[in-house]
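Can you make the complete structure from the sequences, with help from the hints?
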Amino acid sequence: MAKATIKQLNDAYASKFGFAMPEKSVVSFDFGLSSEIIAAISDHKQEPEWMRTFRQRSLQTFVKMPLPKWGPSLAEIDFEQIRYYIKDTEVEQRSWDEVPTEIKQTFDRLGVPQAEREFLAGVKAQYNSEVAYSSLQKELDEQGVIFCSMEEALQKHADLFQEYFGKLVPASDNKFAALNSAAWSGGSFVYIPKNTHVKRPLQSYFRINAARMGQFERTLIIADEGSSAHYVEGCTAPVYSEYSLHAAVVEVFVKRNARFRYTTIQNWSGNIYNLVTKRAQVLADGVMEWVDGNLGAKTTMKYPSCYLAEEGAYGEMLSVAYAKNQQIQDTGAKMIHLAPNTASKIVAKSVSVAGGQSNYRGLVHVTKAATNSKSKVECDALILDGQSGTSTYPDMRILGENAIVEHEASVSEIEEDKLFYLMSRGLDKTEAMTLLVAGFIEPIVKELPLEYAVELNRLIELEMEGSVG
Amino acid sequence: MKLVLLSQQTAFSLTPTESTLYLVLLDQQAREGQVKVDLHFTTSEVACQLLFIGRLAAGSDWQLETNMYHQVPKTSCMTDVYLSQADRSKVDYFGQIYIDRQATHTKSFLQEQSLVIGRSTSNRSRPILEIFNNKVKASHSASSSRLNESDVFYLMSRGLLRAEAEKLLEQAFFDRILAEKVKDKTARQLISDYLC
Amino acid sequence: MLTLKNLSVRLHKKNILNKIDIRIPDGETHVLMGQNGAGKSTLAQSIMGNPNYQVTGEILFADQNLLDLDPQQRAALGVFLSFQQILEIPGVKIYDYLKLLYKKSHEQKLTPLKFKAFLREKMALLAFDESFLERSLNHGFSGGEKKKMEVLQMLVIEPKLVILDEIDSGLDIDAIQAVARAVNYLKEKHQTSVLIITHYSRILQFLTLDKVHLLSKGQLVKTGGAELVRQIEDKGFQSVL
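Here the protein sequences come in this chain order: A, B and C. For reference, each letter of the first sequence is one residue, going 1317 to 1785 in my numbering. For reference, each letter of the second sequence is one residue, going 26 to 221 in my numbering. For reference, each letter of the third sequence is one residue, going 124 to 364 in my numbering.
In short, the hints are calculated from the structure, not lab data. Incorrect hints may have been included.
[Unchecked claim] Covered stretches of chain A, going by a simulated chain B footprint (3 or more residues, C-beta under 8 Å):
1) 1691-1703
2) 1708-1716
3) 1723-1736
[Said to hold, decoys possible] Below, in silico cross-link-like pairs of lysine to any residue (SDA-like), each with a Cα-Cα straight-line distance of 25 Å or less:
4) A/1692 - C/213
5) C/216 - A/1773
6) B/160 - C/211
7) A/1762 - C/210
8) C/222 - A/1774
9) A/1661 - B/172
10) B/160 - A/1701
11) A/1690 - B/86
12) A/1661 - A/1754
13) C/227 - A/1746
14) C/312 - C/342
15) A/1684 - B/177
16) B/162 - A/1701
17) B/99 - C/137
18) C/239 - A/1777
19) B/132 - A/1732
Even for Gly, the Cβ is constructed at its ideal location relative to N, Cα and C.
This is the structure we're talking about:
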């Protein structure tokens, strides 16, 4: 099944192949979104009636809902100018020579293997790593783990899919969740059976494919009782997309005693609005960890949340944001304590440089039912120059008895004496600052899979060279 | 440092021209209350402290807001909000530190602590930082926690009634703040009188 | 050769050092002594180029006036300062950091294997456990460990001029010997000049001294041979003044 699955997965992801993909290779619809276009997506995917209805209803919700009244301005988004794509299987490729020089240089500096580079740059449609993939797939099959595209899951695991899909993030949650619900395409479906422990991160093959996240990607994950797994998406290499709006939805169900970690690295190109709704429900003694790195995009709005729904549930968020060149990284987390003895922790670090703006926006809600609960939030912001900015907008609502809630935030610049210390050892200013920035975000970076950590550090180095000194 | 007691009004918009300690003592009998203090820092070298002390009565409902606007270089401010909450008391606190692009060498810190003594209390806090230059030192912290049950138990084992034990521990909470945060003698006296 | 000519230093509009003249020829070891507040650390920080100090006069090294150069340019010429106040830099892994220092100070490249061997030799000299390489720079280190980490950086860089600012304070006798071993090793291998700043004579007994300078209230009040150390040790600073 491995080969067939690869093909299907690649197909599912093909709509995202890179920047400036020749338009004729894609099935594209007219500008704007209409009931007919949504129906055509359903036709194309041969969807069951309930999903067709779901999409149509979501479209109505999307049309009715206003834009968020808080946060970065989204007024520039013109929904009428956005095209909604689903892909064709035959992708016409661009040649390596057509790839802009600065992108090639970035790949060079990051040490991205040639095969991956061609793929990332949209030169190659398929990344050839069947060996690595099929060994993972074999392991997963033996364990009864389902890891496939959403389209495949809807066809092959219809009951499971329908039981959970849209149950955590209803279309009415926010305008972009509604948009995603109407127009979703691509994404991963993961089911981990009871008491099953998946040792390798669910990424190895998909590292590259996942980098080409769709415009309205949808991910659904169910970690059944007592299971554990780690899902990794994204890519540190800059990902170029012709779409200006990306609105993904991720739903994660963590059952009793299960443990799930969801790691994201995002480095979209600078033209993109990246507006993501991520939510996890955590049942008794379950553990959900979000690890989130945001480097790219024009504006990112992302506040992964944990609904700690039963006693002993734990939610954690570790995030790092790097905002440069007028970028806005508006990120944070929401921890909703709904049951006794639940706990949560948020650690958010941000770096603002060269006119970048990074914001932390978060909610800790300890409801009346959530007695004896604890939450701790730490936000540290580093500002590297006088053109950049940082803001912190936490909201703590504490109603449960015996709650302990702590929030700390600080803003600092690179300390002059540390800079002098490092420069006295022969490092130039950029090198010294790079080292200090890397040291600042290290507590988060060390939580990433090794290859991501290495790449992220190289990327910071590269970014710093451009913006400091 | 000059001492100014803020009372009788619900909203203050102040522009300190010299270093000042602003003190707010929340009415312990009030069923509800609102206090909003804005400090506009438009004179360099001014260092202020804004101190809220409040024992919130059972069933009372409070809305508190502090806004620090740092608009010129070299100003500093400490915002301290210390509350104890009796049964069913409610507090909604919004505390902002805004540091403008040109307000370099600003130091601004905010600390909010609420000690929950009663049952069925509610606490909402939104400490906000908005920073637009890198030559700053700024931080905020907010915490809410119940008084320590083992401390209560210890005191009760020595013959104190629960209410007495709680009262003693509440006193200790405020005493610590007095020792750490209040240098001014008159201010100390005012706070001590308030707590008696 | 390091030459300080008519060197005056101000910090926050206050005069700290007045018209200091000192010459340290290649390969020589000099000692700078003086009471607290005499200006010893200011002298060290000024040579390294701490931007907080306003320096006038000349600091000549390797035919250049260091006052025209940034700290890292001074380091590139071979100047090394071991700090008295040693900063902790969390998150910066020592192995990576030392590798970077080596790369910056040496033209010849080493394979990872050879670099490991190079490091192992230096760490052995200081009786430093290799597990430190995985830790963050100075983070959570004891006072003594921080000092030894300064010396290890010195050994990795292999500088031409070494200024050790109170490297011996807070060290036990084993550690003091280890530091002296490192200094002697460097002198033997690279003809390094050394300026040791200290209150005490403990470390000096393990080194061969060429000159001793005595600083008091920002002035250089006396320069002499190694015997000056004994004199100060026996009779105190006041007797020498």
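Next item on the list: Output the numbers, in ascending order, of every earlier hint that fails for this structure.
Entry: 14
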